[in-house]
Amino acid sequence: MVKIIFVDPEGKRHEVEAEEGMTLMEAAVKNMVPGIEADCGGACACATCHVYVDPSWKEKMAELFERSEAEEDMLDFAFDVRENSRLSCQIKVTADMDGLVLEVPEQQG
Amino acid sequence: MAEIETEALIIGAGPAGLFAAFELGMVGVRSHVIDILPRAGGQCMELYPDKPIFDIPAHPRITGRELTERLVEQCAPFDPVFHLNEAAQTLERAGEGFIVSTASGKRFSAKVVVVAAGGGAIVPKRPPLKRLEEFEGKSVFYAVREKAPFAGRRVVVAGGGDSALDWAIELAPIAERLTLLHRREEFRAAPASVEKMRRMVEAGEMDFRLGQIAGLEGADGRLRAVRARHAGEAFDIPADMLLLFFGLAGRLGPLEKWGYEVKGGRIVVDTASFETSLPGVFAIGDVCLYPGKLKLILSGFHEAALMAQKAVRYVHPDRHHTFTHSTSSEIIAEKLRLGED
Numbered sequence: 001m002v003k004i005i006f007v008d009p010e011g012k013r014h015e016v017e018a019e020e021g022m023t024l025m026e027a028a029v030k031n032m033v034p035g036i037e038a039d040c041g042g043a044c045a046c047a048t049c050h051v052y053v054d055p056s057w058k059e060k061m062a063e064l065f066e067r068s069e070a071e072e073d074m075l076d077f078a079f080d081v082r083e084n085s086r087l088s089c090q091i092k093v094t095a096d097m098d099g100l101v102l103e104v105p106e107q108q109g
Numbered sequence: 001m002a003e004i005e006t007e008a009l010i011i012g013a014g015p016a017g018l019f020a021a022f023e024l025g026m027v028g029v030r031s032h033v034i035d036i037l038p039r040a041g042g043q044c045m046e047l048y049p050d051k052p053i054f055d056i057p058a059h060p061r062i063t064g065r066e067l068t069e070r071l072v073e074q075c076a077p078f079d080p081v082f083h084l085n086e087a088a089q090t091l092e093r094a095g096e097g098f099i100v101s102t103a104s105g106k107r108f109s110a111k112v113v114v115v116a117a118g119g120g121a122i123v124p125k126r127p128p129l130k131r132l133e134e135f136e137g138k139s140v141f142y143a144v145r146e147k148a149p150f151a152g153r154r155v156v157v158a159g160g161g162d163s164a165l166d167w168a169i170e171l172a173p174i175a176e177r178l179t180l181l182h183r184r185e186e187f188r189a190a191p192a193s194v195e196k197m198r199r200m201v202e203a204g205e206m207d208f209r210l211g212q213i214a215g216l217e218g219a220d221g222r223l224r225a226v227r228a229r230h231a232g233e234a235f236d237i238p239a240d241m242l243l244l245f246f247g248l249a250g251r252l253g254p255l256e257k258w259g260y261e262v263k264g265g266r267i268v269v270d271t272a273s274f275e276t277s278l279p280g281v282f283a284i285g286d287v288c289l290y291p292g293k294l295k296l297i298l299s300g301f302h303e304a305a306l307m308a309q310k311a312v313r314y315v316h317p318d319r320h321h322t323f324t325h326s327t328s329s330e331i332i333a334e335k336l337r338l339g340e341d
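Note that the protein sequences, when read in sequence, are chains A and B.
Using my numbering, you'd call the opening residue of the first sequence number 1 and step up by one each time.
Using my numbering, you'd call the opening residue of the second sequence number 1 and step up by one each time.
Derived from the structure by calculation, the hints contain no laboratory data.
Predicted model, so just to flag it, every value in this text is computed and none were measured.
A couple of the hints might just be wrong.
[Unchecked claim] Okay, derived cross-link-like pairs now, DSSO-like style, lysine-lysine, Cα gap no bigger than 30 Å in a straight line:
hint : chain 1 : residue 1 : chain 2 : residue 2
1    : B       : 263       : A       : 12
2    : A       : 12        : B       : 130
3    : B       : 257       : A       : 12
4    : B       : 263       : A       : 3
5    : B       : 293       : B       : 310
6    : A       : 12        : B       : 293
7    : B       : 51        : A       : 30
8    : A       : 30        : B       : 257
9    : B       : 130       : B       : 147
10   : B       : 293       : A       : 30
11   : A       : 30        : A       : 92
12   : B       : 293       : A       : 3
13   : B       : 263       : A       : 30
14   : B       : 51        : A       : 92
15   : A       : 3         : A       : 58
16   : A       : 58        : A       : 30
17   : B       : 263       : A       : 92
Modelling step: build the complete structure from the supplied sequences, incorporating the hints.
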């Protein structure tokens, strides 16, 4: 199991145990993390699973910050898109993500 | 207004709702289907009509649009009656059945109600801006019903998809000044529209600003400027009207308060019958919740089949119920023969 920490807009931390291979969105939904709506169920079609990846991970895992073209397109539907914005349905959990911190934006839509 | 009577009322015309009309038809139950959208298909049509879906049994690859068309065709022999552009509002118990009323004032009297509302009513996404409500419907809009109110005004269009580009191009010639606001140089809108927009910007017929919306300035519902931010810098775009195109999202809204058990915005069901905690009210598809629930279209189909087996017992309590396969079903044989005439 991989520990992932979601920080909701109120600053509350939600520690979830994610399985390798599942997406960060699935880990959030399974554990009912508030603010991850995932309307489309992971089809990269709604941008309601938007998260901000803890910038301190940039050195350790640069790929966590790399967005595909489809994801970039979907982020046009998100609000307050930042450099560290990702759609959590597009990131597969790997063992080396243990302890990863993701911030949930104020509003998905 | 007179009540519309039906045996089953299905809320939601997405894949689960459409297949529910089929499965109910198979057990001899007549359905009316209501949906807030102007067409059937739900999320499949609204969010990804052209995206291929790969996990529909026997369809290695099918788009949301094709799937919708085939589901409509599949339930058609049972003549479900569709009521589109209708938002379900309230549910009341009435004798052995229920009364459901919609925002437009229609009232449906049904023996059973099947909530197949997916992620809820699909509505435009609203940005998290302070005082947004103050301006909505007065100077901030999510769609254009008529062009006239935009004539001679300073208009800001925010977004980078087809709706944003189409309306920017359409309104620029009549607006006093039109500014397109988008967070990056790339657009996901059709290349021809992007090309046209760029030509108009070059010719000085509209402005393009890189940035994301950050606030609204104005008073009494009247906009004075749109505050935006880009690369850490804030700036104001003078504006009388703002159009926001950030796609759509689901809202369960009033359906959350219909009296059945709801957890995390989804309706808790029993997996033997897909009945909610209110006897006679069922929930299937993405809207329902049970241990192990997957938000898959195919799960919605399975849920519809089991729901129908229980629903028919409320609609026809005096009938003898035996399970029949479609291959040997007299009901479908008769319906399809009728269809061939």
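Hints, verified against the model:
no., hint, verdict
1, 263(B) with 12(A), "20 Å, holds"
2, 12(A) with 130(B), "22 Å, holds"
3, 257(B) with 12(A), "27 Å, holds"
4, 263(B) with 3(A), "24 Å, holds"
5, 293(B) with 310(B), "20 Å, holds"
6, 12(A) with 293(B), "26 Å, holds"
7, 51(B) with 30(A), "25 Å, holds"
8, 30(A) with 257(B), "23 Å, holds"
9, 130(B) with 147(B), "27 Å, holds"
10, 293(B) with 30(A), "10 Å, holds"
11, 30(A) with 92(A), "15 Å, holds"
12, 293(B) with 3(A), "23 Å, holds"
13, 263(B) with 30(A), "13 Å, holds"
14, 51(B) with 92(A), "21 Å, holds"
15, 3(A) with 58(A), "18 Å, holds"
16, 58(A) with 30(A), "26 Å, holds"
17, 263(B) with 92(A), "26 Å, holds"
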